[in-house]
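**Student:** The lines below spell out each chain.
There are 2 protein chains.
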Amino acid sequence: MAIVVQKYGGSSVADADRIRRVARRVVECYQQGNQVVVVVSARGDTTDELISLAKEITDNPPEREMDMLLSTGEQISIALLAMAIQAMGYPVISLTGPQVGILTDNVHTKARIQDVRSERLMDELNQGKIVIVAGFQGMTPDNDITTLGRGGSDTTAVAVAAAIKADVCEIFTDVDGVYTADPRVVPRARKLAAISYDEMLELASLGALVLQPRSVEFAKQYGVTIHVRSSFNYNEGTIVREVTDMEKTMVVSGVAHDLSVAKISLFDVPDRPGIARTVFSALAKESINVDMIIQSGMRDEMNDISFTVGKDDLNKVVAVMSRVKEETGASGVSYEDNVAKVSIVGAGMITNPGVAAAMFEALADAGINIQMISTSEIKVSCIIDASDTYKAVKALHEKFGLDNSIEEPDCCVAS
Amino acid sequence: MAIVVQKYGGSSVADADRIRRVARRVVECYQQGNQVVVVVSARGDTTDELISLAKEITDNPPEREMDMLLSTGEQISIALLAMAIQAMGYPVISLTGPQVGILTDNVHTKARIQDVRSERLMDELNQGKIVIVAGFQGMTPDNDITTLGRGGSDTTAVAVAAAIKADVCEIFTDVDGVYTADPRVVPRARKLAAISYDEMLELASLGALVLQPRSVEFAKQYGVTIHVRSSFNYNEGTIVREVTDMEKTMVVSGVAHDLSVAKISLFDVPDRPGIARTVFSALAKESINVDMIIQSGMRDEMNDISFTVGKDDLNKVVAVMSRVKEETGASGVSYEDNVAKVSIVGAGMITNPGVAAAMFEALADAGINIQMISTSEIKVSCIIDASDTYKAVKALHEKFGLDNSIEEPDCCVAS
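Chains as they are written, first to last, in numbering that gives the first Met the number 0: chain A, 0 to 414; chain B, 0 to 414.
I should point out that these hints are in silico values taken from the structure, not numbers from a laboratory. Fair warning: there could be bad hints in the mix.
One copy or two, it doesn't matter: identical chains are merged, so the pair holds either way.
[As the list claims (entries may be wrong)] Straight-line C-alpha distance at most 27 Å; calculated DSS-like pairs for lysine-lysine:
| # | residue 1 | residue 2 |
| --- | --- | --- |
| 1 | LYS128 | LYS315 |
| 2 | LYS128 | LYS284 |
| 3 | LYS324 | LYS390 |
| 4 | LYS54 | LYS164 |
| 5 | LYS54 | LYS128 |
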């Protein structure tokens with residue numbers, strides 16, 4: 000008997016028919032003798048509808064109250080799914096994030112899970128019940144409801160899987176695995192049979208919206224095996240785990256793109272020690288995640304500082320930066336949200352020089368201007384004009400030999 | 000500085016404009032130097048929409064999951080109202096029923112409040128915040144979410160008012176007080192300045208849907224003064240409290256009608272000891288509230304038993320009665336939901352004989368057939384055909400001199 004955690008996204012539970020389909024799939028897993036925990040997101044457009052209710056009231060809703068509001072979306076889903084399973088004649092119980100004992104910090108709207116007190120969950124499982132858990136939500140030590148931010152249900156699923164030592168955490172999506180690029184952009188994109196946590200982490204961070212990055216971090220930290228698969232078929236999907244023999248010969252395993260970034264530039268900042276700290280600690284205080292940071296070379300003892308954030312945070316960033324501009328004596332700030340980040344990811348990069356150069360060459364050949372560059376051991380990212388995104392992804396997919404799985408990349412040979 | 004509990008119903012928070020209007024009214028009370036707790040219901044049709052979502056999944060949703068589902072309605076309301084008040088610049092926090100520490104038994108969908116652990120609520124009030132509380136919901140000792148049944152938000156308001164020793168519990172409705180009859184049925188109905196708990200209890204139980212009966216019981220038990228008033232104007236409404244000097248000379252203070260009843264008859268039940276127990280303990284086990292009960296005189300050692308329940312419970316009653324029919328050997332069961340209950344209520348009845356007779360006379364004069372009769376010290380109720388309801392209410396309102404506040408009733412003189 001295995002312990003299986005399944006996670007279904009909002010589109011999988013958007014209406015009664017889909018809820019019944021999920022219920023059947025859950026029951027199949029239970030009938031095979033498994034203990035089954037199911038994590039669900041809010042149905043379809045529920046979250047957007049709730050957000051627009053808030054927007055009708057105020058442009059700046061307090062984040063604690065946003066969490067109070069948004070957490071109802073998942074609560075509706077778990078109740079309906081539990082009803083559907085019960086109607087099929089199987090023992091089932093739904094639990095909210097607080098009821099599951101998902102304890103978080105108190106950073107509302109993007110709280111981090113700190114502990115999962117899974118006694119009640121295990122107790123219900125051991126009574127033979129299928130347990131339906133509300134994704135995306137938790138509780139502070141003071142009993143306040145928090146949400147985990149975009150894609151937080153993935154994190155819930157992996158955190159629960161870690162806490163109850165599940166054998167596998169199945170993430171059901173509308174695609175049937177992790178691809179070398181978005182198949183809607185690159186028709187020749189291939190499904191990967193397996194991928195390492197680190198590669199998945201980079202892909203996830205870079206806008207391949209298959210898995211929430213924090214869920215992958217959690218999975219890596221606790222050794223949770225993730226199976227990304229389709230809720231529409233029974234195909235094997237992509238396994239995310241520590242060692243990926245099959246893929247380790249690939250220098251670049253995927254090309255990701257992300258249109259949800261915004262670029263901020265601060266001009267003519269005096270070249271004094273502590274300036275960067277002033278800028279980025281002000282942003283950190285507001286829990287704004289800064290992604291890429293570039294400080295240009297000094298000119299007349301002045302620097303330009305550019306960085307990127309998620310578009311969702313742009314309002315908050317604008318408020319912070321007007322204060323920062325005063326404090327630092329910068330000459331101006333600019334905000335651009337018509338940019339995109341394209342990235343190549345691959346564990347093989349570490350041992351293969353020239354990968355970044357090959358990327359810049361491909362983009363140059365396609366006539367695409369690079370605005371910012373950021374690298375890690377296993378990825379290279381470039382900020383480009385949003386309108387160039389798809390052209391860039393196609394060029395990179397071809398450049399690194401991903402269009403055809405048999406052919407070696409033309410830029411460098413795998414170790 | 001007084002402590003004021005205000006309760007707003009679902010229609011008061013149905014859209015953004017109405018929520019802002021409630022917010023302004025709450026803030027006015029706060030600006031007058033009061034500590035303010037606000038209890039709100041689910042917005043407009045939210046509860047009905049949630050019920051129909053459940054119905055799409057199954058005809059018999061488990062009640063625990065219904066509570067999980069329905070409690071989201073109030074949670075949405077409190078978040079939105081808190082946002083509106085915060086947007087006006089006032090300190091505010093929303094709390095769910097569980098967060099307020101409203102502990103109930105575990106009879107899902109009609110739980111009873113057993114305790115209010117108001118430490119957190121008082122703590123927030125003492126920090127100078129306006130506290131918004133989700134009505135209608137609570138938590139079992141096992142941490143499961145419960146709902147209090149129809150009109151449960153009134154009960155929440157009164158229970159909270161009792162727990163924090165509020166000076167007054169203002170119940171805002173779409174009418175501006177308690178009337179001698181439904182003004183939509185009897186245009187000459189008058190607003191009562193004050194009414195006793197017992198009279199209000201009878202009126203509430205009898206279908207004058209101004210206040211939930213259990214909320215009045217609670218208020219009586221803990222001496223909470225209720226002020227029933229309109230959310231659309233600043234008129235004085237009706238005070239519900241222990242002694243009502245102004246009204247005690249009225250023999251009949253109001254006429255109520257209730258169209259939400261169903262009548263069940265069990266025919267030819269053998270006349271054995273314990274039969275009534277068999278019938279009504281089976282219903283009690285399912286937490287079905289039985290209202291009126293009549294057992295007809297014996298005929299050939301057989302009895303007919305009739306009783307009434309809320310229409311909402313009819314499905315459950317049908318299931319119970321088919322078992323009961325077998326067990327008792329009754330010859331048949333009939334169900335009628337095209338009936339209504341009309342009632343007269345008045346504390347003065349106790350000392351005035353002939354009130355019931357005057358009621359039957361008025362109904363007979365109007366050509367209305369009486370199917371069942373039930374009496375208490377301060378009320379008389381009759382089950383009649385639903386189509387006769389309005390005719391009956393008008394006849395009774397006139398008979399007992401309620402059409403004109405100066406004239407004495409023509410049937411009997413008050414003590």
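**Student:** Is the C-alpha distance from LYS324 to LYS390 at most 27 Å within one copy, between copies, in both cases, or in neither?
**Tutor:** neither (36 Å within a copy, 75 Å between copies)
**Student:** Are the CA atoms of LYS54 and LYS128 at most 27 Å apart within a copy, between copies, both, or neither?
**Tutor:** Only across copies: LYS54 and LYS128 sit 23 Å apart there, 39 Å inside one copy, limit 27 Å.
**Student:** 27 Å Cα cut-off: does LYS54 pair with LYS164 within a copy, between copies, both or neither?
**Tutor:** neither (40 Å within a copy, 36 Å between copies)
**Student:** Measure nothing new, just compare the shortest in-copy and cross-copy C-alpha distances for LYS128 and LYS315 to 27 Å and report within, between, both or neither.
**Tutor:** between (44 Å within a copy, 25 Å between copies)
**Student:** With identical chains, the pair LYS128 and LYS284 could be close in the same copy or across copies; at 27 Å between alpha carbons, which is it: within, between, both, or neither?
**Tutor:** between (43 Å within a copy, 25 Å between copies)
Against the hints set out earlier in the document, violations occur for numbers 3, 4.
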